[in-house]
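Protein chains in written order, with the working numbering: chain D, 1 to 233; chain E, 1 to 770; chain F, 1 to 80; chain G, 1 to 80.
The set of hints was computed from the structure by calculation and includes no laboratory data.
Glycine included, every Cβ here is placed at the ideal spot set by N, Cα and C.
A couple of the hints might just be wrong.
Calculated lysine-lysine pairs in the BS3-like style (CA-CA distance at most 27 Å, straight line) [unchecked claim]:
#, chain 1, residue 1, chain 2, residue 2
1, G, 64, G, 40
2, F, 10, D, 109
3, D, 109, G, 64
4, G, 2, F, 10
5, E, 56, E, 192
6, D, 109, E, 56
7, F, 2, E, 208
8, E, 444, E, 255
Selected chain G positions facing chain F (Cβ under 7 Å, derived; list incomplete) [what the hints assert, rightly or not]:
#, residue
9, 25
10, 32
11, 34
12, 37
13, 41
14, 42
15, 43
16, 44
17, 45
18, 47
19, 48
20, 61
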Amino acid sequence: MKFSVVVFPGSNSDYDAFYAASTVIGEDAALVWHKDTDLQGADAVILPGGFAHGDYLRTGAIARFSPIMSAVQAFADRGGPVLGICNGFQILLESGMLPGAMVRNDRIKFVSRLVPVRVEATDTPFTAACAERQVLHMPVAHGEGNYYADPDTLAGLEANRQVVFRYSDAAGGISPASNVNGSLNNIAGICNRQRNVVGLMPHPERATEAQLGSADGRVILASAVKALASLSR
Amino acid sequence: MAVIDAAVLERHGIKPDEYERILELMGREPNLLELGLFSVMWSEHCSYKSSRVHLKTLPTTGPRVVQGPGENAGAVDIGGGLCAVFKIESHNHPSFIEPYQGAATGVGGIIRDIFTMGARPIALLNALRFGSLETQQARRIFEGVVAGVGGYGNSIGIPTVGGEIVFDEMYAGNPLVNVLCLGISRIDGIVKGAAKGAGNPVFYVGAKTGRDGIHGATMASAEFDEKSAEKRPAVQVGDPFMEKLLMEACIEVMKTGAVLGIQDMGAAGLSCATSEMGSRGGVGMTIDVMHVPQRETGMTPYEIMLSESQERMLLVVEKGREHEVEAVFEKWDLHAVQVGEVIEGSRLKIHERGVLVADVPNRALTDEAPVYRRPMQEPAWQQGVQRLTLDDLGAPPSAQSAFDRLLTVPTIASKRWAYGQYDHSVGTNTIAQPGMSAAVVRVKGTTTGLAVSVDGNGRFCYLDPHRGAMLAVAEAARNVACAGGEPIGGTNNLNFGNPERPEIMWQLGEAVRGIGEACRALGIPITGGNVSLYNETEGRAIFPTPVLGVVGLLEDASKTTTRTFKQPGASVVLLGDNLGELGGSEYLATLHGLVAGQPPALDLSREAAIQKLIVSLIREGSVESAHDCSEGGLAVTLAECAFNSGGIGVTADIAGVRLKPDTTSDVASGSDVASGSDVASGFSRTFSVNATLFGESASRIVVSASGERLDGVLAAAKAAGVTATVIGQTGGDRIRLSVNGTAVVDSAVAAAEQAWSTSIASRMAGRAPR
Amino acid sequence: MKARVYVTLKPSVFDPQGRVVADALLTLGYEDVQDVRQGKFFEVELAATDAAAAKARVTEMADKLLANPVIESYRVEVLA
Amino acid sequence: MKARVYVTLKPSVFDPQGRVVADALLTLGYEDVQDVRQGKFFEVELAATDAAAAKARVTEMADKLLANPVIESYRVEVLA
Ligand SMILES: Nc1ncnc2c1ncn2[C@@H]1O[C@H](COP(=O)(O)OP(=O)(O)O)[C@@H](O)[C@H]1O
Ligand SMILES: [Mg+2]
């Protein structure tokens with residue numbers, strides 16, 4: 001299968017995602033420039049981490065206007081799997097492809113560390129290979145990952161099981177103590193109602209090799225491979 | 001007509017005899033713009049006029065050296081046609097004036113030095129010094145610097161993988177911010193900062209030029225006084241997004257082969273880039289300031305040439321291939337504009353709308369800058385501070401209370417509060433993260449890895465700059481070796497006071513002599529560095545603080561280890577000799593309020609032997625953990641091996657050092673401490689225990705090894721002539737230390753780790769960022 | 001012509017920056033501080049000369065880019 | 001009592017954020033945008049009741065914490 005990774009000006013985990021998808025997982029991958037309008041035959045699209053346009057206005061606010069985003073939107077509308085990681089998640093929020101918004105981390109500071117995250121739904125293309133309630137260790141590295149949605153939206157997310165990942169402790173327990181940034185309901189990642197667009201703050205692409213501290217993130221990419229295989233069957 | 005009188009010269013920081021030299025080199029009176037060029041280029045920061053004669057003595061060659069000092073960064077061969085490109089740079093003065101932006105632009109500056117060489121930056125480290133965290137001012141500066149380091153590095157996407165932070169009142173009015181950047185390049189892909197070929201166009205790309213930082217270089221070369229406040233507009237604001245675009249575009253554009261030379265505009269901006277590129281290439285250069293993109297209206301040629309606006313580059317492009325270069329920059333929404341061209345001869349000619357406004361031989365600005373052999377004089381107080389007697393100390397604390405106290409001293413406590421704000425996983429190369437002593441990054445596409453460490457001990461250098469500097473080299477190299485890296489190259493940042501004072505100059509000379517000696521003995525060529533002088537406030541200098549950055553090669557990046565114990569039941573072995581040297585130790589400073597004595601002795605051949613030994617033990621997989629002994633001595637080292645291990649404790653019994661006059665001669669504190677005549681024997685017994693646990697003797701490493709591997713470790717040590725002593729076992733959930741069989745420290749790992757890991761955070765609590 | 005766009009978090013959205021500033025002010029001894037909210041503003045320099053047209057135009061910019069309606073509200077002010 | 005502190009970068013200080021916002025607006029077709037500068041403001045809720053005293057107090061806060069005098073300037077405004 002083919003992962004297309006969009007490169008925005010200021011993306012800094014674009015190559016990490018490309019490397020994980022290609023060299024580590026062994027699938028086809030392409031880097032797609034944000035000014036392009038063609039996704040190069042993607043089976044799945046990744047909007048990578050980084051600081052698109054410096055994040056100077058709001059995270060993801062300017063990137064959503066990039067020419068490639070119409071193609072990403074159209075791809076998602078056709079049911080294509082789209083994964084937004086960190087800044088990519090923020091871009092999905094700003095573009096309205098996912099509900100809610102990000103505010104500054106509750107303790108203001110940038111947080112960078114390996115954190116446990118519990119998988120809340122296995123019926124998305126990026127969690128299909130996960131076990132129920134599996135705990136994954138993945139790095140977070142962000143200053144604005146404090147997820148917010150108004151009460152109705154939040155209730156809707158929960159009711160529709162659109163919360164895909166929550167910050168947890170190593171045993172999968174969810175508590176304020178395991179919340180790294182103040183996100184409502186410990187939300188680390190969500191999906192759209194159609195479940196094909198997923199955004200998360202932790203970095204699965206940086207957790208695909210044990211040598212680097214964790215290989216837990218592989219299952220996210222492997223899920224896409226599995227989901228695609230079952231689709232084409 | 002410009003009137004150049006004494007006041008104008010003084011404002012430009014040019015001494016009368018320097019002006020005489022300018023007149024001679026120019027063959028006429030310079031105009032104000034020309035004087036401005038000399039002023040910045042002949043500043044201490046750009047010309048190294050005080051340090052150059054000393055730097056010349058450093059070893060800079062070796063079989064692996066691809067690029068020694070003199071270029072934007074040094075480079076060493078790491079095999080497979082690749083080289084490691086690295087350099088360290090300081091931003092001390094700007095960080096005092098505006099901590100966030102000062103630190104951020106410091107990071108930006110060193111990153112440019114690396115990608116200017118054609119290398120892709122893959123790691124950042126920093127060495128920081130602040131005043132005591134008990135003061136509001138130090139907390140504010142610390143908070144701002146850490147946020148600035150993170151703000152820039154995180155955004156541009158280069159992981160900050162390591163560093164060191166020391167707190168001492170001596171840095172209260174003059175913090176140190178030294179940043180090292182490491183990049184990887186193909187050896188044949190290295191691009192230099194030299195102009196070539198008359199007729200080739202000179203391009204400018206990056207941020208527009210504003211009035212910021214004018215005379216930044218001269219500021220970095222002057223002491224602080226109350227008037228520094230007036231120099232404040234010199235602060236520059238960093239734009240990591242612009243730099244990210246520049247970095248990607250420059251790396252891409254250099255692959256076209258159309259770029260013949262490239263240099264970033266750092267200190268002294270366009271003046272430096274144009275004259276240095278011309279002089280390195282043995283050609284001249286002409287530019288017209290009218291073409292320079294400007295952020296503000298009405299800028300004069302003087303302001304344009306001296307501006308230190310960040311995130312700008314100057315390129316010499318092969319004539320006829322301009323469009324290839326422009327196309328790449330356009331892709332990244334950057335507009336490269338031609339500002340001039342390379343010309344025959346050796347002059348820098350600056351025009352304003354076609355009118356020649358400055359015409360200077362470029363070598364006059366660079367190579368012909370003055371070189372001073374400034375007078376050096378050992379300070380009168382030097383011998384005095386090296387004396388240490390038991391009488392000076394008063395009643396010693398118990399080992400347990402000293403241990404508890406040392407674990408929470410900010411210099412020893414976990415620095416997670418700081419590095420938790422640094423993205424260290426971006427780039428997916430980071431094998432050993434911050435907090436694990438040396439950082440280890442892999443080199444994608446190969447099996448190799450690089451270990452990097454930055455170290456310096458201002459206290460040791462204050463007590464003895466020569467030995468202190470040697471110890472800094474040894475420690476940086478030892479840290480790299482403890483991660484399995486064979487040291488292959490070094491860089492250094494010399495942070496000192498006012499070189500016009502003979503005592504400071506003596507410290508500098510002694511320190512450089514020490515660095516040279518140690519690097520020669522350990523086979524570490526120095527490939528570059530930086531000198532930061534005038535680190536004083538109101539006449540009070542910082543501790544002389546040379547910071548060493550050492551890069552080590554791991555042929556197999558999977559064969560590395562960290563400081564932490566890996567399993568219970570392993571034997572804990574001390575490699576090296578425990579000499580109980582308390583001179584200049586953290587123990588003395590923290591528990592007795594004393595910075596005195598002689599720094600630990602260093603036998604460079606023993607140091608080389610222990611480093612070789614540890615590298616081979618790690619390569620063979622014989623040891624599970626390895627940790628160098630430094631601040632806080634053996635006791636703190638053992639505790640640190642237990643911390644972050646998942647709670648694996650340790651039980652160790654250590655042979656006490658004897659505080660007798662007849663102990664080995666160079667053990668200064670050991671022998672002197674005993675010379676206190678009428679001290680109760682209880683006191684001296686406690687001192688002996690404390691010296692055993694907290695002395696900071698060099699050339700020591702604590703390793704752990706399990707089962708039959710232990711014998712191999714002991715045999716290898718014996719063969720290498722390194723003392724190896726089994727001092728205990730890992731396991732349990734406590735840190736239990738005894739000396740000569742008497743229990744002296746017994747702490748739960750969890751409680752000790754909690755105290756150690758939260759000490760800085762709790763000191764910082766309640767302070768908000770700006 | 002100059003316009004200013006003031007952007008604030010909606011009252012229902014927790015403002016971590018404001019809280020940290022409030023805490024810091026309390027720590028510094030300003031005990032009468034009851035609450036702090038942080039906002040941002042943009043000063044937009046326009047070629048336009050008609051105030052009403054400028055206001056409409058800048059309001060559009062705010063809607064489209066400068067503010068995120070999910071969490072923020074804004075106010076436009078046209079200066080001389 | 002409420003006070004607002006408006007903080008802006010001094011005119012001579014480079015404002016990368018403003019530049020990026022201006023570029024974005026141009027890209028979105030707002031070609032009459034000549035320049036954008038970004039600032040921030042703090043809304044401080046005080047227990048005080050005397051406007052003059054409040055202003056003095058908030059000015060002190062701005063000096064000490066809210067603005068960075070090295071690169072920023074500020075303006076204090078007391079509301080009802
Ligand atoms: N302490 C030092 N040891 C060795 N080389 C040094 C030292 N300080 C400066 N250098 C070298 O001198 C050269 C000139 O440095 P400089 O002009 O400051 O470059 P930059 O502006 O990039 O910092 C560089 O190649 C640098 O590596
Ligand atoms: Mg330098």
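Outcome of the hint check:
Taking the CA atoms of residue 64 of chain G and residue 40 of chain G, the gap is about 16 Å. The hint holds against a cut of 27 Å. At most 27 Å may separate the alpha-carbon atoms for a hinted pair to count; residue 10 of chain F and residue 109 of chain D meet this at roughly 22 Å. As the CA atoms of residue 109 of chain D and residue 64 of chain G are separated by approximately 21 Å, the hinted pair is consistent with the 27 Å bound. Simply put, residue 2 of chain G and residue 10 of chain F have alpha-carbon atoms about 17 Å apart, close enough for the 27 Å limit, and the pair holds.
For the given pair, residue 56 of chain E sits about 21 Å from residue 192 of chain E by alpha-carbon distance, which is consistent with the 27 Å threshold. Only pairs whose Cα atoms come within 27 Å are accepted, and residue 109 of chain D paired with residue 56 of chain E is rejected, the gap being roughly 44 Å. Between residue 2 of chain F and residue 208 of chain E the alpha-carbon distance is near 23 Å, which keeps this suggested pair within the 27 Å criterion. For the hint linking residue 444 of chain E to residue 255 of chain E, the alpha-carbon distance of about 19 Å falls within 27 Å, and the restraint holds.
Taking 7 Å as the C-beta cut-off, the interface hint given for residue 25 of chain G holds, the closest approach to chain F being about 6 Å. For residue 32 of chain G, the shortest C-beta to C-beta distance to chain F is roughly 4 Å, which falls under 7 Å, so the interface hint holds. The interface hint given for residue 34 of chain G is met, as the beta carbon of that residue sits about 4 Å from the closest beta carbon of chain F, less than 7 Å. For the restraint placing residue 37 of chain G at the interface with chain F, the shortest Cβ-Cβ distance is roughly 5 Å, inside the 7 Å limit, so the hint holds.
Below 7 Å, beta-carbon pairs count as interface contacts, and residue 41 of chain G has one with chain F at about 5 Å; its hint therefore holds. This hint holds: residue 42 of chain G has a C-beta 6 Å from the nearest C-beta of chain F, less than the 7 Å allowed. The beta carbon of residue 43 of chain G comes within 5 Å of a beta carbon in chain F, closer than 7 Å, and the hint placing it at the interface holds. Annotation: residue 44 of chain G was flagged as interfacial toward chain F, and the flag holds, the nearest CB pair being 5 Å apart, inside 7 Å.
A distance limit of 7 Å between C-beta atoms decides the matter here; for residue 45 of chain G the minimum to chain F is near 4 Å, and the interface restraint holds. A distance limit of 7 Å between C-beta atoms decides the matter here; for residue 47 of chain G the minimum to chain F is near 4 Å, and the interface restraint holds. Satisfaction of the interface hint for residue 48 of chain G is found here, the shortest Cβ-Cβ separation to chain F being roughly 6 Å, below the 7 Å cut-off. Taking 7 Å as the C-beta cut-off, the interface hint given for residue 61 of chain G holds, the closest approach to chain F being about 6 Å.
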